[in-house]
Every structure is written in structure tokens, then in C-alpha cells.
Amino acid sequence: MKENCEVIRDLLPLVQDGVASEASCRMVQEHLEECEACRTFCISEPVKMPDETLDRRLVKSVRKAFFFAGMALLLIGAAVGVALTDSMGMFYNFILMPGVGMLGYWLFRGKSFFVPLGIFLLSYLYQIPGTGFVAPLFLSVLYTLFCGLGLGIGFLLDYAFAKEGQK
Numbered sequence: 005m006k007e008n009c010e011v012i013r014d015l016l017p018l019v020q021d022g023v024a025s026e027a028s029c030r031m032v033q034e035h036l037e038e039c040e041a042c043r044t045f046c047i048s049e050p051v052k053m054p055d056e057t058l059d060r061r062l063v064k065s066v067r068k069a070f071f072f073a074g075m076a077l078l079l080i081g082a083a084v085g086v087a088l089t090d091s092m093g094m095f096y097n098f099i100l101m102p103g104v105g106m107l108g109y110w111l112f113r114g115k116s117f118f119v120p121l122g123i124f125l126l127s128y129l130y131q132i133p134g135t136g137f138v139a140p141l142f143l144s145v146l147y148t149l150f151c152g153l154g155l156g157i158g159f160l161l162d163y164a165f166a167k168e169g170q171k
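According to our numbering, the stretch in the sequence shown is residues 5 to 171, in order.
Don't take each hint at face value.
[Claimed, not checked] Now the in silico label distances, taken between C-beta atoms and shown as ranges:
| id | residue 1 | residue 2 | range |
| --- | --- | --- | --- |
| 1 | 73 | 14 | 15 to 25 Å |
| 2 | 114 | 73 | 16 to 26 Å |
| 3 | 84 | 161 | 44 to 54 Å |
| 4 | 84 | 14 | 32 to 42 Å |
[As the list claims (entries may be wrong)] Derived DSS-like pairs: lysine-lysine, alpha-carbon spacing no greater than 30 Å straight-line:
| id | residue 1 | residue 2 |
| --- | --- | --- |
| 5 | 68 | 115 |
| 6 | 64 | 167 |
| 7 | 115 | 64 |
| 8 | 115 | 167 |
| 9 | 167 | 68 |
Hints listed in this document are in silico derivations from the structure and should not be mistaken for laboratory results. C-beta: ideal position from N, C-alpha, C; glycine also.
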């Protein structure tokens, strides 16, 4: 009987929150009708709810970790893309720069327009030492357009999945 009471006391918070199964609710109800000790325990002991500040801190720390990991990926992707400018792998930027733009949209949402601007400045400043001031404009603008394409794709995916979740 003592073990049964301990099981019932473990199930009480679940029943009071409404997340226990019907069988568990029935079992707790039947036990409370029979056992005076558990009935007084149920009345006297308030349900201990988990601390919400702990949950908020956990969510905040996970978001911060995702943000910094995303920032690292964004910077690495931008640096690799710009470094590929003068090599045979230059055409990988057709894939890389839209990916950087999508990642930038995911990270910054409302301020994501800074990502193509950063790509433009990074690629332009990287190319100036060897070619002058006018020649790097073409590739810088091209990379900016690819990054903007990625922002558009990220926005459309966000819009599509937001609409899907509302149905």
C-alpha cells in the first residue's frame, strides 16, 4: 500500500495539470476515494510548478548559442565566398552567397538588409589591393545580388511556413 501511495503522489501533479491519461486519472481518483492519507496530502500540498525563470534562461541560452553559431557560419561563408573570387572555385559563389543571404535572414530578420551590404563591402575591400577602385565593383555587385536573392528565398520560405502553421 505504501508503494501505491507513492505512485499516486507522483501522478497527482500530472492529473491536476490535465496531462495524465484517463487510466491514470481513474486510478488516482479511485485511490483518493479509498486512502485518507493521500486525500489529505492532495488537499494540503499545493502542486509544485517548475520555475519558469529557469525555462526562460534555458531558452535564452539556447537562442544565444544558435545565434553565435549562425554568426560564425555567416562570417565563415562570407569569407570563403570572397576568398574564392580570384580562384577556379569562383563559381561556387552561385550557391554560397544565396546560402549566406538565407542564413542572414534567419539570423537578423528585420535587419537582414545589412547582410548584402556587408557582403558588398567585404568583397569590394578584399579586391581593391590588386585591381584598383572600379574593377571590383562588378563582382561585388554580383555577390550582393546573390546574397539578396538568398534573402528573398529566406523571406519566402519563412512566409510559406508561417502560413502553413496557421492552417
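Results of checking the hints against the structure:
For residue 73 and residue 14, the Cβ-Cβ distance of about 38 Å falls outside the hinted range of 15 to 25 Å, so the restraint is violated. Taking 16 to 26 Å as the suggested C-beta distance range, the pair residue 114 and residue 73 conforms, at roughly 20 Å. The given range of 44 to 54 Å is broken by residue 84 and residue 161, whose C-beta atoms sit roughly 23 Å from each other. Judged by the Cβ atoms, the range 32 to 42 Å given for residue 84 and residue 14 is violated: they are separated by roughly 53 Å.
Restraint check for residue 68 and residue 115: the C-alpha separation of about 17 Å stays at or below 30 Å, so the hint holds. The straight-line distance between the Cα atoms of residue 64 and residue 167 is roughly 26 Å, inside the 30 Å bound, and the hint therefore holds. Distance restraint check for residue 115 and residue 64: the Cα-Cα separation of roughly 20 Å lies within the 30 Å cut-off, and the hinted pair is therefore satisfied. With a C-alpha separation of about 22 Å, the suggested pairing of residue 115 with residue 167 holds against the 30 Å cut-off.
About 26 Å separates the Cα atoms of residue 167 and residue 68, which keeps this hinted pair within 30 Å; it holds.
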